[in-house]
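**Q** Protein chains in written order, with my numbering: chain S, 1 to 387; chain F, 1 to 169.
Hint data in this document are derived by calculation from the structure and do not stem from the laboratory. A quick note: this is a predicted structure, and the numbers were derived from the prediction, not measured. Hints are supplied without guarantee of correctness; some may be wrong.
[Said to hold, decoys possible] Label pairs and their computed distance ranges (CB to CB): (1) S:R381 / F:L20: 37 to 43 Å; (2) S:G356 / F:I159: 44 to 50 Å; (3) S:S255 / F:L110: 50 to 56 Å; (4) S:L290 / F:V24: 35 to 41 Å; (5) F:R94 / S:M27: 43 to 49 Å.
[What the hints assert, rightly or not] In silico DSBU-like cross-links for lysine-lysine, where the CA-CA straight-line distance does not exceed 35 Å: (6) S:K12 / F:K167; (7) F:K167 / S:K99; (8) S:K99 / S:K159; (9) F:K167 / S:K159; (10) S:K85 / S:K159; (11) S:K380 / F:K167.
Every residue, glycine too, gets a C-beta built ideally from N, C-alpha and C.
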Amino acid sequence: MEILDSIFLNTKKIFLDLLGCWLPDWMILLVNIGIIIGVIAVLGPVIMMYLTLLERKIIGRMQNRIGPNRVGIFGILQPIADGIKMFTKEDIIPQNADKIVHFLAPVLMVIPALLAFAVLPFGRGMIPVNLNVGLLFFIAVSSTSTICVFMASWASRNKFSILGGMRSAAQMISYEIPMVLSVVPVILSAESLSTYAIVEAQARWSGLHWFVFTPWGLLAFIIFFLCGVAECNRSPFDLPEAESEIVAGFHTEYSGMKFALFYMAEYMNTFTVSALAATLFLGGWEGPVLPSWLWFFIKTHALIFVMFWFRGTLPRFRVDQLMGLAWKLFLPLTLINIFVAGGYHLISDRNFRVAGASAVLLVSFLLFTVFLNRKYMPEKRRYDLVD
Amino acid sequence: MELLNLAGIAGVYTLMLVILIAAVAMVTLRSLFHSALALAAVLIGIAGIYLTLQADFLAMIQILIYVGAVMTLIIFAVMLTEHLSHQTVRQNNRQSPLAIAGICAFLFCLTGVIVRTPWPLQPQNQTATITAMELGKAFMGQYVFAFELISVFLIAALIGAIVIARKDK
């Protein structure tokens, strides 16, 4: 297990030692950075390719179909066929579009999605960059993708695109607040913003001391994960690209490889958000018996499977339900959760603090669902000029 | 190693140049949306400058607050007010020569002060890295009054916005 655990690290070390026979020290430094960047740059697209296949297979089974099975055995080569199709498609730019911004939007969209990989701890000692503000880096970088969505929607000069962009902005602003606030208890408990340190804080009980097993951790995990699904524009929060209402939302006017880039950014976001949720609440690479990187991928893919499951089973939200969920339920709950987590650390008696925290959170949850989220009837619209 | 250091310095100056170009583009471009995008580029560049000064926490907050939240609001406002296509606005008026003269005078005074100051003022601060934890302790200890005052102001602004936007029944 020891060998398997550090197999990637050792391979890199042997490779660098071999190079060290010929090259000077500073070149080795550059090659080391180059390897890390190269691995991330390859990992992103590869993850996107097999996630599309996985999603189509899983959704297919849930809808009592088989899913793609023609290209290669079990349809394994389907993503490559899709890629060739995307490459050979004609790239259409609308006549009135703002050509430069229209081109830049999909290209810039991929950058934050790739950068987010930089702070994910893939295994013991396997973190591309161990920033001491890693968690903040992730949140900050992924918040910039809103601007790219805006660029795409504005440059297309299309009403559906604009509507999609507006919805996307409203959704991302609303869901970013509970998302950021829900990780505060984790920072409080780990006493660090570094993703690596947060994983190491969950190392006790032979790697099973996960934050999700505490009352505040469970609530924060659920809120964080749901907000993450909303940030990726995935079903049931996929209003910005709701195909039955506004064609394809902000990427209506994109075709060929540019559309593929949006698609790629979306799937990479799906992976990174799941990976971060696993890191923050499910102990990241900590776990008994199996090698650390395998634990990380198992947990991440379990969360990704839940996202596909959502898509297969849940209908899309209405806009006012979407906003109500973020502002009237998640936001007050996260605020209370921060106080509960603080109190949880002050009280030393274990049974008492678990019971107390659970009671406070349950009562506030019931309070908010009953009082703030009463049945809401939108006021009747009158179209005076039509009649 | 010297080559790497040189490359780093060259990188910082390139970043500054990019920030300046984006800043000029922001005040000269005719389309409001393009100006807003240039402003976003400036803000991201400034976050980069913070990173080179080893203020990573500040850099991340800069991106999160200014690029993630404030820019989104600005672009949202632009999209709500502006006609979607081919709407252009002149960003300067007849007072530009006067403004340039004023800026030149200000720059002259500033250069004088910068040249006369004996740098570095506090050598021990040059290598100091301030972590988020120290910042938090300073906010909750030494600067707690200012911190609370700003919080109260923000709450007042929020409540005021809700009161203004509220529909009277």
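**Q** Could you run down the list of hints and mark each one as holding or not?
**A** Quick rundown of the hints versus the structure:
Under the hint 37 to 43 Å, the C-beta atoms of S:R381 and F:L20, about 50 Å apart, miss the expected range. Between S:G356 and F:I159 the C-beta distance comes to about 32 Å, which lies outside the given range of 44 to 50 Å. The beta-carbon spacing between S:S255 and F:L110, approximately 51 Å, falls within the hinted interval of 50 to 56 Å. For S:L290 and F:V24, the hinted distance range of 35 to 41 Å is not satisfied, since their beta carbons lie about 56 Å from each other.
For the hinted restraint 43 to 49 Å between F:R94 and S:M27, the CB-CB distance of approximately 58 Å leaves it violated. Note on S:K12 and F:K167: the hinted pairing is violated, with a Cα-Cα distance of about 63 Å set against a maximum of 35 Å. Our distance criterion of 35 Å between C-alpha atoms is broken by F:K167 and S:K99, whose separation comes to about 41 Å. With a C-alpha separation of about 17 Å, the suggested pairing of S:K99 with S:K159 holds against the 35 Å cut-off.
Annotation: proposed proximity of F:K167 to S:K159 holds, straight-line Cα distance about 28 Å (limit 35 Å). For the given pair, S:K85 sits about 28 Å from S:K159 by alpha-carbon distance, which is consistent with the 35 Å threshold. Taken as a hint, the S:K380 and F:K167 pair is honoured in the structure, with Cα atoms around 16 Å apart against an allowance of 35 Å.
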